[in-house]
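Visitor: Here are the chains, one letter per residue:
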Amino acid sequence: MKKEVMTVVKNVEIADKLYLLVLSGASYLAPGQFLQIKVPEYTLRRPFCAADYDEKNDFLSIIYKVVGGGTKAMTKFEVGQKIDVLNCLGNGFDLSKTKKPLLIGGGVGIVPLFYLAKELKKQGHEIISVLGYPCKDQCFFLEEFSKLGKVYISTDDGSLGVKGNVLDILKTEDIEYDEFFACGPPIMLKALSSWNSNGQVSLESKMGCGFGACMGCSIKTTKGYKRVCKEGPVFKIDEVIFE
Amino acid sequence: MKKEVMTVVKNVEIADKLYLLVLSGASYLAPGQFLQIKVPEYTLRRPFCAADYDEKNDFLSIIYKVVGGGTKAMTKFEVGQKIDVLNCLGNGFDLSKTKKPLLIGGGVGIVPLFYLAKELKKQGHEIISVLGYPCKDQCFFLEEFSKLGKVYISTDDGSLGVKGNVLDILKTEDIEYDEFFACGPPIMLKALSSWNSNGQVSLESKMGCGFGACMGCSIKTTKGYKRVCKEGPVFKIDEVIFE
Amino acid sequence: MKKDTQVKLFGKILDNPIIPASGTFGFGYGFADYYDINVLGSIALKGTTLNERYGNPLERVCDCPCGMLNAIGLQNPGIDVVLNEELPKLKKVYSKPVILNIGGHSFDEYIEVASRVGGNPQILCIELNISCPNVKEGGMQFGLDEHLASKLVGEIKKVSKKPVLVKLSPNVTDIVKMAKAVENAGADGISLINTLVGMRIDLNTAKPVISVKTAGYSGRGIFPVALRMVYQVYEAVNIPVVGMGGVSNAFEVIEMMLAGASAVMVGTENLLNPFASKEIIEELPLAMEELNIDSLSEIIGKSHRV
Amino acid sequence: MKKDTQVKLFGKILDNPIIPASGTFGFGYGFADYYDINVLGSIALKGTTLNERYGNPLERVCDCPCGMLNAIGLQNPGIDVVLNEELPKLKKVYSKPVILNIGGHSFDEYIEVASRVGGNPQILCIELNISCPNVKEGGMQFGLDEHLASKLVGEIKKVSKKPVLVKLSPNVTDIVKMAKAVENAGADGISLINTLVGMRIDLNTAKPVISVKTAGYSGRGIFPVALRMVYQVYEAVNIPVVGMGGVSNAFEVIEMMLAGASAVMVGTENLLNPFASKEIIEELPLAMEELNIDSLSEIIGKSHRV
Ligand SMILES: Cc1cc2nc3c(=O)[nH]c(=O)nc-3n(C[C@H](O)[C@H](O)[C@H](O)COP(=O)(O)OP(=O)(O)OC[C@H]3O[C@@H](n4cnc5c(N)ncnc54)[C@H](O)[C@@H]3O)c2cc1C
Ligand SMILES: Cc1cc2nc3c(=O)[nH]c(=O)nc-3n(C[C@H](O)[C@H](O)[C@H](O)COP(=O)(O)OP(=O)(O)OC[C@H]3O[C@@H](n4cnc5c(N)ncnc54)[C@H](O)[C@@H]3O)c2cc1C
Ligand SMILES: Cc1cc2nc3c(=O)[nH]c(=O)nc-3n(C[C@H](O)[C@H](O)[C@H](O)COP(=O)(O)O)c2cc1C
Ligand SMILES: Cc1cc2nc3c(=O)[nH]c(=O)nc-3n(C[C@H](O)[C@H](O)[C@H](O)COP(=O)(O)O)c2cc1C
Ligand code: FES
Ligand code: FES
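Protein chains in written order, with my numbering: chain A, 1 to 243; chain B, 1 to 243; chain C, 1 to 306; chain D, 1 to 306.
Hints are computed from structural coordinates only; laboratory data are not their basis. Just to be clear, a hint being listed does not mean it is correct.
Partner residues are not named here, just some residues of chain D that face chain A (Cβ under 10 Å, in silico) [to be verified]:
id : residue
1  : Gly-30
2  : Asn-38
3  : Lys-46
4  : Leu-58
5  : Glu-59
6  : Cys-64
7  : Pro-77
8  : Phe-107
9  : Phe-251
All figures in this text were calculated on a predicted structure; none of them were measured in a lab. For glycine and all other residues, C-beta sits at the position ideal for the given N, C-alpha and C.
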């Protein structure tokens with residue numbers, strides 16, 4: 001955990017209600033780690049995964065979807081504005097064991113996978129991604145993922161790729177991998193968990209603090225209660241007890 | 001009452017804990033009228049008299065003393081910062097009857113008298129001022145008042161002018177006038193009221209709104225209850241019931 | 001799409017649910033200098049007692065980081081002046097019926113005030129303030145004791161020609177018990193919340209800022225408590241609930257209505273921004289659009305049904 | 001001039017009055033990764049029950065404009081793990097005695113927990129939480145009823161080898177009555193306030209945000225209510241009062257102490273800014289300088305004496 005003042009470099013709408021926010025002055029954080037952003041007029045910080053990190057410029061990118069008051073207020077962040085951030089939170093993905101990774105993302109859950117993919121690529125891995133979007137207009141990072149490796153796409157309305165969700169792809173395509181890395185809506189993760197148990201998932205939960213103090217984010221796992229913000233947000237999928 | 005966004009042009013310490021704040025984008029307000037400034041992190045606005053108004057530039061000046069959290073926060077106002085202000089509040093001084101005015105001010109109460117003096121001068125009056133300060137270091141607007149006319153000075157510690165307060169001057173000097181215009185601490189105004197009853201006083205009171213809605217500022221007068229923010233802040237001294 | 005902001009209160013249609021709260025809007029006409037107040041759903045007038053009152057000594061307001069304290073102590077010109085002078089002045093600039101808020105120090109005073117109101121068509125209902133924390137000799141006592149409260153409401157119902165909206169105090173262990181008590185005593189509606197009892201101390205003098213020490217805390221900081229009480233009371237009674245407490249924007253109005261409010265009063269926010277009530281009314285259709293709401297009256301109490 | 005920030009609690013000298021509040025600081029050692037926590041006057045540990053508890057289902061925290069809601073429901077590993085694992089971990093990074101906060105669902109559970117504490121020298125006192133609004137089967141009930149409360153305190157006093165600080169709920173009509181009841185039952189000190197009961201509704205789903213609907217409201221928005229209660233309770237009892245509720249800076253610490261607090265707990269602010277308690281401790285001497293205060297212990301309750 002690092003408390004940092006970052007500066008807004010860019011804050012633009014990249015798809016309907018989907019924004020790219022680039023911040024400078026950020027310490028390195030690992031793929032799967034997250035940050036907690038203080039939004040003016042709001043009390044609790046808002047958590048976001050790193051979508052990308054550029055070590056040369058200390059640039060940290062996040063992609064956020066406007067879903068309520070806090071994210072709506074974030075769209076007002078202006079270039080040059082100083083932002084109060086808790087950085088380097090959570091555990092991040094464990095990249096030490098995989099030989100042949102598979103990335104599986106749904107909706108905004110695709111965000112942390114991009115940074116993860118870049119890091120895996122750097123380590124010499126081949127990148128295969130299965131990405132589910134609501135519709136064509138909501139697709140983001142498509143080109144970027146394609147540059148890194150093979151991409152399978154599904155959309156809820158069939159406007160791009162397979163009509164359906166990532167499970168529909170996984171069940172029909174015969175993709176070779178040893179460990180998957182997934183992030184997406186709870187319903188997708190739950191479905192994944194009954195499909196295959198060798199993978200890591202990044203979870204979400206409303207957060208009081210983001211650094212382990214309040215127990216606001218705890219989930220039940222096969223190894224006891226764990227805090228999404230501290231022991232997570234990345235868990236082995238077979239440990240998570242999905243409700 | 002006008003709700004206006006003003007811009008900070010200047011915010012400098014002119015004596016210990018005494019600041020000059022110049023704001024642009026202000027509508028004309030009459031001498032004795034006041035404004036209500038929204039200070040970030042504080043809920044209720046803070047009331048201040050106009051110390052000067054420059055019609056050419058729409059510049060409004062106030063002089064404020066740091067006495068608590070709100071005024072301390074105001075010292076952080078930066079040049080260029082936008083400030084949310086309610087302007088043109090209260091009644092202002094009635095200049096229509098005096099032929100030979102006398103200005104009597106104590107401490108920060110001297111602030112509105114400067115703007116009043118300039119206006120009276122413009123209307124062709126001779127300006128005589130009796131000003132009481134805590135000490136020499138806290139004197140402000142001295143040169144400015146001197147340029148406008150004759151000035152009598154007292155300080156509590158005798159470091160400049162007469163040692164004592166404005167009453168000590170009024171009782172010893174034989175100053176000719178028909179109506180006085182006074183502003184200062186309650187104790188001074190009360191003393192003034194038993195000394196002479198032909199004058200106007202500008203009063204202070206903690207304010208909930210500043211425009212007559214909450215009854216937070218009401219005082220008792222010989223003509224019933226009156227709101228300092230609406231029927232005042234300037235009252236005929238013989239109407240005010242000093243507690 | 002056209003958004004329907006109308007709501008019904010005591011059989012009367014209000015153009016929108018926004019009503020400036022008692023004590024934060026004077027007798028209304030003062031605000032007509034700033035905007036056309038006919039946009040308002042209704043107006044709750046300053047608490048009125050039998051005789052003229054000055055209220056508590058100064059200081060009687062004070063700042064808090066998330067709101068304010070007040071201990072005005074019901075300054076008002078007395079019921080006769082309100083009926084004969086203030087209401088006619090208001091009528092010139094506001095064409096809709098208004099809410100007459102009444103305060104008192106004894107059964108007799110409340111009853112006398114309520115009976116003088118009569119059938120005045122300019123009055124939508126009386127709002128019985130049994131929750132003012134700022135009057136020594138009674139006021140809130142009625143709002144803290146269910147037996148006193150229901151006795152008072154019963155008496156008022158006997159003399160009032162107008163619907164009786166009973167304004168509850170949040171400073172109780174069990175708000176539902178209070179609400180049920182006044183409903184059983186014949187209340188036509190319940191408004192809540194009045195202020196929470198709070199305090200501030202001046203660091204320079206070490207004395208309480210407010211002359212009478214404790215005072216009523218209002219403003220944004222009380223919203224979660226107000227919302228909870230509106231939710232609980234809506235669930236427990238069968239009469240309309242008027243919600244208030246810390247409402248500062250259109251989204252919070254909608255939240256209050258989801259919890260069960262038939263109409264929403266805006267208080268402290270009018271003091272901070274004289275245009276607040278008007279601006280909230282203007283924002284309402286936009287907020288409804290954003291949240292896919294077509295009709296406000298349909299969402300009243302919706303959070304109990306989903 | 002050197003500023004004296006020491007205060008005394010139950011005969012022990014604290015270097016300063018700042019104590020992170022229960023539930024906002026875990027079992028303390030987590031914060032040692034961020035700063036040397038030995039600067040803290042003491043630490044109040046997360047509420048501990050007899051057995052391990054998960055607490056309420058998610059969501060159990062929620063944002064409010066002036067604070068937050070929580071309905072954790074006392075997640076903790078149970079008293080034995082706290083005594084045998086958590087306290088030793090804390091001892092490695094914090095050398096001073098701490099406050100063990102205990103919660104429960106029945107007389108028997110509270111009593112059993114209190115008796116297991118024993119004479120452990122790492123423990124300054126137990127804090128008896130009879131005010132948790134987030135536990136269905138008891139918790140706050142004890143804090144809303146003076147008879148239950150005093151009966152419980154009496155039983156705990158019989159088994160506890162440590163001073164008993166009783167933590168009161170603000171959700172009552174008469175806080176002074178509660179305070180006197182627990183004082184008479186033998187409480188060694190009173191801490192207040194716990195959270196106010198509040199609620200938020202999700203505008204998108206129209207459902208309460210928190211799984212169990214209502215939750216505890218804490219943070220800056222509750223400061224004026226907390227200060228008022230500390231003031232009133234200090235006036236009514238002869239045992240030390242520990243103040244908390246919405247404290248976010250050194251000036252508010254001083255305000256709490258003027259009202260009567262012997263020590264001040266900082267809660268929600270630790271969650272918003274992990275360095276909050278440390279920063280407040282650092283600001284204290286500067287604030288004292290500005291306000292001409294030489295010794296903090298001398299200003300406790302000063303507003304009652306001026
Ligand atoms: C570890 C972690 C990583 C995450 N990473 C990402 C990420 O990379 N990208 C991403 O997009 N999200 C991410 N999230 C989710 C993200 O944190 C939430 O979407 C965000 O906190 C929502 O904040 P909000 O205030 O907008 O909405 P909420 O906190 O859900 O608040 C919604 C509230 O706003 C109110 N509301 C609803 N509509 C409106 C409106 N139109 N105007 C005003 N108020 C309204 C509602 O009443 C509701 O109470 C992550 C979450 C976690 C835990
Ligand atoms: C009509 C009118 C005109 C006025 N004109 C002027 C004018 O021209 N010039 C002028 O100077 N004043 C003027 N005043 C007075 C001015 O409005 C007040 O001095 C100002 O509102 C005080 O605000 P404050 O927040 O600093 O102090 P307060 O509102 O008094 O608040 C003080 C609070 O701050 C807390 N506090 C004390 N010390 C500190 C500290 N060091 N740090 C943090 N908090 C602290 C205290 O607990 C106290 O509660 C006028 C007032 C009125 C009514
Ligand atoms: C200055 C002031 C005066 C008030 N006077 C009255 C009153 O006379 N009668 C009454 O019933 N409520 C009175 N109230 C309470 C408000 O009507 C309202 O219940 C309370 O302030 C909560 O709403 P808010 O947070 O929107 O202000 C007053 C509130 C304030 C701030
Ligand atoms: C997330 C959270 C968890 C809490 N858990 C406990 C608890 O276990 N025991 C307890 O006595 N109080 C608990 N509290 C209440 C705090 O100790 C404190 O009384 C309250 O939050 C008011 O102080 P604050 O406004 O500074 O947060 C909790 C508060 C929060 C915000
Ligand atoms: S958010 Fe506070 S412990 Fe996870
Ligand atoms: S400050 Fe509100 S009426 Fe004067």
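Visitor: Compare the structure with each hint and give your call.
Guide: Here is how each hint holds up against the structure:
Given hint, D:Gly-30 at the interface with chain A, holds; its Cβ is 5 Å from that chain's nearest Cβ, closer than 10 Å. The beta carbon of D:Asn-38 comes no nearer than 18 Å to any beta carbon in chain A, farther than 10 Å, and the hint placing it at the interface is violated. Contact between D:Lys-46 and chain A, as hinted, is supported at the beta carbon level, the nearest pair being about 7 Å apart and thus within 10 Å. Interface restraint check: D:Leu-58 against chain A, minimum CB-CB distance 6 Å, threshold 10 Å, status holds.
At a threshold of 10 Å, the smallest CB-CB gap from D:Glu-59 to chain A is about 5 Å, leaving the interface hint in force. Hint on D:Cys-64 holds. Least Cβ distance to chain A is approximately 6 Å, under the 10 Å limit. Nearest Cβ of chain A to the Cβ of D:Pro-77: about 9 Å, under the 10 Å cut. The hint holds. Evaluation of the D:Phe-107 hint against chain A yields a violated restraint, the C-beta minimum of about 25 Å exceeding 10 Å.
With its C-beta approaching chain A no nearer than about 19 Å, D:Phe-251 sits outside the 10 Å limit, and its interface hint is violated.
The structure shown violates the earlier hints numbered 2, 8, 9.
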